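*Asks:* Start from chain S and add chain D according to the hints.
Residue-level listing of the chains:
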Amino acid sequence: MADTSASFSRSDVAHVASLARLDLAEDEIEMYAAQLATILDHVAAVTSLDTSTVAPTAHPLDVSNVVRSDVVGPTLDRDEVLAQAPATESGRFKVPPILGEAP
Amino acid sequence: MSPDPRSEFPSAVETASLVRSGERSARAVIESTLERIARFEAELHCFNLVTDVDALSAADAVDALVAAGKDPGPLAGVPVALKDNMCTRSIPTTAGSRILEGWIPPYDATVVSALRAGGAIVVGKTNLDEFAMGSSTENSAFGTTRNPWDLGRVPGGSSGGSAAAVAAGLATVALGSDTGGSIRQPSALCGVVGVKPTYGLVSRYGLIAFASSLDQIGPIATTVADAATLLEVIAVHDPADSTSLNVTRSRWSTDLAEGIEGLRVGVIEDFLADAAPGCQSGVRAAAEALASAGAKVEEVAVPSLMLGLSAYYLIAPAEASSNLARYDGVRYGLRVEAPDTAEMNSRTRAAGFGPEVKRRIMLGTYVLSAGYYDAYYAQAQRVRTLVARGFAEAYESFDVLLSPTTPSAAFPIGEKSNDPIAMYLSDLFTIPSNLAGHPAVSVPFALDQGLPIGVQVLAPALGESTMFRVAAAVERAADPMARGPIEPRAKTNS
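As you go down the protein sequences, you meet chains S and D in turn.
So for the first sequence, my numbering puts the first residue at 1; every next one is plus one.
So for the second sequence, my numbering puts the first residue at 1; every next one is plus one.
Take these hints with a grain of salt, some might be off.
[Claimed, not checked] Computed beta-carbon distance windows for the label pairs:
#, chain 1, residue 1, chain 2, residue 2, range
1, D, Ser322, S, Gly91, 24 to 34 Å
2, S, Gly91, D, Pro239, 26 to 36 Å
3, S, Leu76, D, Ala117, 16 to 26 Å
4, D, Ala240, S, Ile98, 28 to 38 Å
5, S, Ala25, D, Asp71, 53 to 63 Å
6, D, Asp60, S, Gly91, 34 to 44 Å
7, D, Gly371, S, Ala25, 18 to 28 Å
8, S, Leu76, D, Met481, 46 to 56 Å
9, S, Asp41, D, Gly371, 15 to 25 Å
10, S, Ala55, D, Ser57, 44 to 54 Å
11, D, Arg264, S, Val71, 42 to 52 Å
12, S, Ala44, D, Arg249, 38 to 48 Å
What the hints contain is simulated information worked out from the structure, not anything from laboratory work.
Note that the coordinates shown come from a computational prediction; the quantities given were computed from them, not determined experimentally.
The beta-carbon is built from N, C-alpha and C at its ideal position, and this holds for glycine as well.
Isolated chain S, as found in the complex:
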């Protein structure tokens, strides 16, 4: 089991922020470093419990998978959907360059 005694350095928090795609300011990084440690300390009652004989919950109720016939049905109107996008071109969502290449 990983070490769950919580303490966060600036770089730990910055790493999590980059995984979460959050461009946090310096003061936010400091605040979350302290708060995440406090919250994880608080849940230690759960992380330290012996659950070796307990199966994790996959679904709160005893139900089985839902399947449907693979047939075409109505979908949302493309123009109505695209009208809500920040930028579009030729019926598609438009984004800035990825992988450092110009479009």
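*Replies:* Structure of chain D alone, referenced to chain S:
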């Protein structure tokens, strides 16, 4: 003392009956609700948007059905407020977040279609903690809703706008969503009835997702009968939601008359110790009343329920961090421009999300990250199994369980807003039902220093019929002055 304002406010059942028989027009009902909104909305801030024009035209459509001799539905003409995390076609839906400000959904949530089919009329979209993350509405990007019982206090949350609107008579009923108590906790704090149905009973198609293994839509009302009637209208099987249960539709509102003779009621003793004296005495008085009405009442220890809060604060943020990945500035909502897409994503999310949402995304991303998944998320899901087992053992001896809904009555605005742990603790008694997928209802029961407190009735999965019967018995024993609708009050008479 002014006359009891409740006499001016027919229940949803009474309103629908008047409208269906043609005694009162839906237009007159909606006009009177819109007048009340105009009078009190500025001081309460229940709504992010009042849909007055659409509501009046929907009312005219209901009146036309009545005039034509057609069935206008079981909730004909009933004003309903919708939590602003349920999608409404052509009507802005914000989830209380800047990242969705101005977004106009291209479709209706299934509950919105069901309400319309039932004749109910949406009067507005209610304020909430951003993405339903919070217990006070203080996390809304659009301002804090105030509690009609004391304008200096929070209405609870995250469905605080819906609960406050019903409590102040700005809507006859409302819909909220409940991930860890977000319907029941504000209902308790505002003196109204709030129901978290069995997981899967109400479709979540069009509900903006927070934590998908926990989220459930449910009714808020001033009476148990109204809540049961509203649940009958929205509990439809929906192929568009893979978690939607395909079960026979029940008539919970007519089951209420059956009484509670012989039912076994367990009072959860583990919760009593953590409740304020007023909440403890409320539950004990409710338990005595149930015993007098013929139930067998005993205290029961269910210690594993106390693990629920900690498990929840690992599971819910983990699921939220995944669900909220979709707000990336590409397909809808806010975009902050940047030279490349990854930077655009990061700047958009930093600008669009508020502090609590960022906190939960950070926490959730951390507990799901490489090396920590088993220690946190998988472990929390095992503890979740222990909570479910605790309930299962208790339900071998009891039909329903009873507890306070919250550890205390409504708290002052600002009191817990800088202390995440203190805020999270206000959901201590409501979270276990979400973890287990069970239904529970909060019923306004008594006043504690002028503020309402709620009694929670918990039942096993699909135990709504028994749950509503016991809730109705609690309601019959309750102080009628402890429930809305009321005139908004500047300060409690404590």
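*Asks:* Checking against the hints above, which ones are violated?
*Replies:* Violated hints: none at all, because every hint is consistent with the structure.
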